[in-house]
Amino acid sequence: MTTATDVHAHDDHHEHHPAGIMRWLTTTNHKDIGTMYLTFSLIMFLVGGMMILGVRAELFKPGLQLMRPEFFNQLIGVHALVMIFAALMPAATGFANWLLPLQLGAPDMALPRLNNWGFWLLPPAAILLTLPFTLALFGIGDGAVATGWTLYAPLSVQGGLGVDFAIFSIHLLGISSVLGSINIIVTIFNMRAPGMTLMKMPLFAWGWLITAFLLIATIPVLAGAVTMLLTDRHFGTHFFDAAGGGDPILFQHLFWFFGHPEVYILLLPVWGFIPHILSAFTRKPVYGYKAQVYSFWAIGILSVVVWAHHFLTVGMPVPALLYFMYSTMSISLPLAVLFFCWIANMWKGSMSFETPMLFATGWIILFGIGGLTGLVLADVAADAQYHHSYFVVAHFHYTLFAGGIMGVMAGVYFWLPKMTGRMYNEKLGKLHFWLTAIAFNMTFIPQFFLGLAGMPRRIPDYALQFADFNMISSISAFVLGLSQLLFVYNIVSCVRGHGEKAADKPWEGAEGLEWTLSSPPPYHSFTEQPVIK
Amino acid sequence: MAFKQYQQSGAALMLALWSLAAHAEMRWNFPKPVTPMAEDTLHVHNKFMIIIMVIFLVVLGIMIYSIFNHRKSKGHTPSQFTGPTTRSQVIWTLVPFAILLYIDFILMGIPAYHSVVMMEDTKNGADMVLKVTGMQWRWQYEYMDGDAKGIKYVSNLKTPQDEIDGKAEKNPDYLLEVDNPLVLPVGKKVRVLLTANDVIHTWWVPQFGTARDAIPGFLRETWIKIEEPGTYKGQCKELCGKGHGFMPVVVNAVSEADYKKWVEAKKTELEAASAGADKQWSKEDLIAHGKEVYEKNCAVCHQADGKGIPGTFPALAGSKIINAPIFDKDGKLMTDSHLDRVFNGKNVMPAWKGILNDVDIASVVTFERNSFGNSMGDMVQPAQVKALR
Chain W
1 MTTATDVHAH DDHHEHHPAG IMRWLTTTNH KDIGTMYLTF SLIMFLVGGM MILGVRAELF
61 KPGLQLMRPE FFNQLIGVHA LVMIFAALMP AATGFANWLL PLQLGAPDMA LPRLNNWGFW
121 LLPPAAILLT LPFTLALFGI GDGAVATGWT LYAPLSVQGG LGVDFAIFSI HLLGISSVLG
181 SINIIVTIFN MRAPGMTLMK MPLFAWGWLI TAFLLIATIP VLAGAVTMLL TDRHFGTHFF
241 DAAGGGDPIL FQHLFWFFGH PEVYILLLPV WGFIPHILSA FTRKPVYGYK AQVYSFWAIG
301 ILSVVVWAHH FLTVGMPVPA LLYFMYSTMS ISLPLAVLFF CWIANMWKGS MSFETPMLFA
361 TGWIILFGIG GLTGLVLADV AADAQYHHSY FVVAHFHYTL FAGGIMGVMA GVYFWLPKMT
421 GRMYNEKLGK LHFWLTAIAF NMTFIPQFFL GLAGMPRRIP DYALQFADFN MISSISAFVL
481 GLSQLLFVYN IVSCVRGHGE KAADKPWEGA EGLEWTLSSP PPYHSFTEQP VIK
Chain X
1 MAFKQYQQSG AALMLALWSL AAHAEMRWNF PKPVTPMAED TLHVHNKFMI IIMVIFLVVL
61 GIMIYSIFNH RKSKGHTPSQ FTGPTTRSQV IWTLVPFAIL LYIDFILMGI PAYHSVVMME
121 DTKNGADMVL KVTGMQWRWQ YEYMDGDAKG IKYVSNLKTP QDEIDGKAEK NPDYLLEVDN
181 PLVLPVGKKV RVLLTANDVI HTWWVPQFGT ARDAIPGFLR ETWIKIEEPG TYKGQCKELC
241 GKGHGFMPVV VNAVSEADYK KWVEAKKTEL EAASAGADKQ WSKEDLIAHG KEVYEKNCAV
301 CHQADGKGIP GTFPALAGSK IINAPIFDKD GKLMTDSHLD RVFNGKNVMP AWKGILNDVD
361 IASVVTFERN SFGNSMGDMV QPAQVKALR
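Those protein sequences? They're chains W and X, same order as listed. Its first residue numbered 1, the first sequence is counted upward by one per residue in UniProt numbering. Its first residue numbered 1, the second sequence is counted upward by one per residue in UniProt numbering.
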């Protein structure tokens, strides 16, 4: 037995950092890492968007015009995985990195090296996910994962090498999320400014705290499920094969035990920063702080006990159906408390509608549609009709595009002046909002009707009766996609230092420690801890 | 090519938008229900939609009122309240909560409960049992009892590939037409058992208000009772691979008397088909029949030209399995031979013994051995296939 001697090389580079690419590869600074997360997220948002525009182009009219069904199936699945794991989740983590130290009065995140590793796992994961598209061009394999993002066995057991690539990609993304979550929990518990008790903490930190716990609880279950899938595919196990004593539905239970909390993992950070924006532009303090915190907790806990409403048509015993129906409906109660608080925050305020506020207001309305249609979907009997139809597609885009991405956009416009020290172009910002909101509704309202009329999701070609709505939806999707270029333009011009210089507190009603720092903030945020009274 | 199509569809779009209001194809709600379950579902759905629209409009109304009146530009000074302070404010915050509790668990919860119980009551008073088997990418129907017991056949998409590829005008039933529709009597409660051969499928006819997964290795059940004669159409709605969009469900609901006639006719047809197994077939007849069987069942994966899809579905042209003997010296079926693979399947290749009859299997094997450049020259007689069962 040998004894290893541990050498502590104490290299102290506090103020100087390498230039060029090495700065970004080796950085442990929360703002640098946050910037990389947000940049990665924006790029993947555009990549995922282009994939779905391919899909909408194919669905523009009946018949197969542009692609074979195999490729269509790859696009829809990879679009979802990219948008969820590579666009929305990194956006939330990017905001956590940027804002938590600023809002909690800390110099940096608690575990900076872990933080660096958490980010640098993402690009390889994204490459793994999309590489099979390229490999197929060279005649290797049959393209990316073609099972939809849900990877249901036995279809995924049957699939090509794209499934294996997706499994390893999910492992990397999962490790990255768990590392990020650990860092956030440790930061929130240990790095708050003196006097900032948990119940004085900004709501964004609360939203992320619950998110982090949900991630740590559920990501390992997903990792386990896809590992079982991997062994079923290559090592002769039969977890999901009835012929060997397994059960295909087991996969769905494991997947959605992760998958439903995942919805709240995507939404809780957004629910966290919306009150900051509302309070700034209503010039009125946050309404019902405690009620919002308790609702976060309630939704976090409920989210892990309702998973089976994602597959009510598999055939379950009546008591199970009733349990999942009523538990799903009960999520509407804490969610209603949140809506009440958001609207009460607006009530009798002194509102002005700059771009962040426009996005926040539109977000409340559109996310409301997502929430209410979710309530209807909980009804087991009618769900037989809604399930896996375009009704569901429209529903979850109201929650994840409107409720997720538009919320993130509100946050971007709100904190961009703080992050870059420059004001974005307000006119273009407003135009971006109106184009996004109108095109989004024009894309997805027709899909509600398509679903009711009986169009299943994930089909590359459809019966003639669905043609008109699909055409409207496709055209609007392209308008929606193109309007995001305004968003990119606004961000890029701020980053490049165009536009007016931003004040330390560019919004009249903004509250919070981050506005006490300069815009952009110093490299190490708070060198002296502020004291909260 | 694609660009030109888009130019054309651009023009079509202008026309479509022009006549949007007058368009009969636009449907805004569930299609007309024809079973008790579908009627119940439509009723519950309409009620719930009204409830959520009322909630939405009331909340939106409050928001819009606030947006227009509590503005800085109108000189509104912000209040500083952060929660209910007086007794009446507390009541005002609890009222919406109470209303929502009532909506969730009474107004919506009670009818939803009854619907669930009704939906799962599959056995009581069932008049007949039907077994539905999903497979890539077709449905098989088997009648389990009564006069029709033993009737078992496969239902395939009938739409020609040219219509899908845009080389021919699309007919009105595009993608919702099959060669052998399911035939059921009206007014009878049918207990439907579902399973699958390969991956998960979902058997769905919107007008029946029922959708249930067909899961390989398990039986699931649901029920339907069609109240009006007619043709009803639906689709698979669980992603099941590349043919997912191309496995429709078509059901002909007919009167009791017509159903009896159909059962007799179908029985005679199936008997005639299986009787062919006992006679000696000529090679030409086998190849001719085999070509039809191939195009209907095999071409979707192995392609019409037998070249397969590299990396996914093996080519039959020049295949090692096809260009090898089937029976050994003693006339026994060799493992992993051509007929063994078709009859028993392997991995993604289904076991066709449960789907096709002896004549179909013998002819398709004979066809494949003598087509796509394969020239084995031999043939398999239906009797030889029958002997394997």
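Treat the hints with care, since some could be wrong.
[What the hints assert, rightly or not] Straight-line alpha carbon distances no greater than 25 Å define the calculated PhoX-like cross-link-like pairs of lysine-lysine that follow: (1) X:261 to X:279; (2) X:74 to W:505; (3) W:430 to X:72; (4) X:320 to X:279; (5) X:149 to X:261; (6) W:501 to X:149; (7) X:149 to X:225; (8) X:267 to X:307; (9) X:74 to W:430; (10) X:188 to X:152; (11) X:283 to X:261; (12) X:188 to X:261; (13) X:320 to X:152; (14) X:74 to W:348; (15) X:72 to W:348; (16) X:296 to X:170; (17) W:427 to X:261; (18) X:261 to X:131; (19) X:296 to X:307; (20) W:427 to X:74; (21) X:267 to X:320; (22) X:152 to X:131; (23) W:200 to W:533; (24) X:170 to X:189; (25) X:332 to X:307; (26) X:279 to W:505; (27) W:533 to W:430.
[Claimed, not checked] Now the stretches of chain W that chain X is said to cover, found in silico as 3 or more residues with beta-carbon under 8 Å: (28) 141-147; (29) 162-173; (30) 278-292; (31) 403-414; (32) 452-463; (33) 475-486; (34) 526-532.
It should be emphasised that the hints constitute simulated quantities derived from the structure, not laboratory data. Fair warning: this is a prediction, and the values are worked out from it, not measured in the lab. C-beta atoms are modelled at their ideal positions from N, C-alpha and C, and glycine is treated no differently.
What hint numbers does the structure not satisfy?
1, 4, 6, 8, 11, 13, 17, 21, 24, 25, 26, 27, 29, 31, 33, 34
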